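J.: So the protein sequences, as listed, match chains A, B and C.
Per the working numbering, the first sequence runs over residues 1 to 129.
Per the working numbering, the second sequence runs over residues 1 to 129.
Per the working numbering, the third sequence runs over residues 1 to 129.
There's no promise every hint is true.
Since the list gives no way to pick out one identical chain from another, each pair is judged satisfied if it fits inside one copy or across any two copies.
Stated by the list, open to error - 25 Å max Cα-Cα, derived SDA-like pairs, lysine to any residue:
1. K82 x D14
2. K82 x C96
3. K82 x G97
4. K82 x G120
5. K82 x L125
Derived from the structure by calculation, the hints contain no laboratory data.
No experiment lies behind these values; they were computed from the predicted model shown.
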Amino acid sequence: MPLVRIDVIEGRSDDDLRRLADTVQDVLVEHFAAPERDRYQVIHEHRPGRIIALDTGLGFERTDEVVVIQITQQGRDEQQKKALYAALAEQLEARCGLAPTDLVVSVVENTPADWSFGLGRAQFLEGDL
Amino acid sequence: MPLVRIDVIEGRSDDDLRRLADTVQDVLVEHFAAPERDRYQVIHEHRPGRIIALDTGLGFERTDEVVVIQITQQGRDEQQKKALYAALAEQLEARCGLAPTDLVVSVVENTPADWSFGLGRAQFLEGDL
Amino acid sequence: MPLVRIDVIEGRSDDDLRRLADTVQDVLVEHFAAPERDRYQVIHEHRPGRIIALDTGLGFERTDEVVVIQITQQGRDEQQKKALYAALAEQLEARCGLAPTDLVVSVVENTPADWSFGLGRAQFLEGDL
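Could you put together the complete structure from these sequences and hints?
T.: Written out as structure tokens, the structure reads:
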């Protein structure tokens, strides 16, 4: 169920983008307890200069490799979120070469009533899931 | 007031996209009790491969026709959401030929204070609406 | 921390977009008490017709200059939001020539646990910020 928007500056190959998306999904499956086929990702590619990300004074610089991930979901707690952030940084570095300083993640919460995965049904309300 | 993001893979004509957006708006007017000129839609077109949508194990496949609709709004209840999903699937199939398996809808809730429709005013707080 | 999506119709120059983004950031720093380097902006440029924004019956027309700003944040109250909307309209007009009727703003709330600004850490939970 998480709906995941991944914003990047253009320039990555199709394969690189797919590996990025696969990695994000694998981490969601492990740390957000998402079923394997519970995958809803939208990759937004932008021209240079269209992502402006500073550091909130934390003491690092971003590059044009920066990846902004916005996740809309419901039901995960603080521990799961902390584990998710750590695993995203670690796995994206290991598998995609992304610097942990080039990763920004933001989560938005909604409710079971806020999802329809197809067929016009509210699957969480109607016992389909 | 709903702010509606519609994500699609590129390839639909201007007319097809307009029909898609019109249909979504008509359903919002009917089932979310939106006034007719309460229309705020952003259509994101993506290159192939930039939307990855599986089925959460529900037993169907998506195609590149898939449409992801994310609605930010406030004040609708579960019954309205269920009615909205059903009507979106039905109307988008009838008017746009969209397979009900190619529709994903996600809703996010905010509050009356979270909207400014123009002129720098918070219309819901200031009695304009 | 606010994550700000700015949706526009294509056609503005790089400089114009930068001025737009800078203005939004300056207003956030002043009215949402954002630290200066607390800046996370994504500018989405769309082909004509991909933003459809009417007026909820308020009595004005939008142009293709329309700017839709969606802000995900936590912790600001109604007074701050009202001040933000007013200042955005005023400053975007003064510095970018944007008509106040061409500005739409929507805010979404999350929580301190919902942010990781880098390094895989939940900075608000772990005492980094």
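J.: Report the numbers of all earlier hints that the structure fails to satisfy, in ascending order.
T.: Number 1 - this is the single hint that the structure violates.
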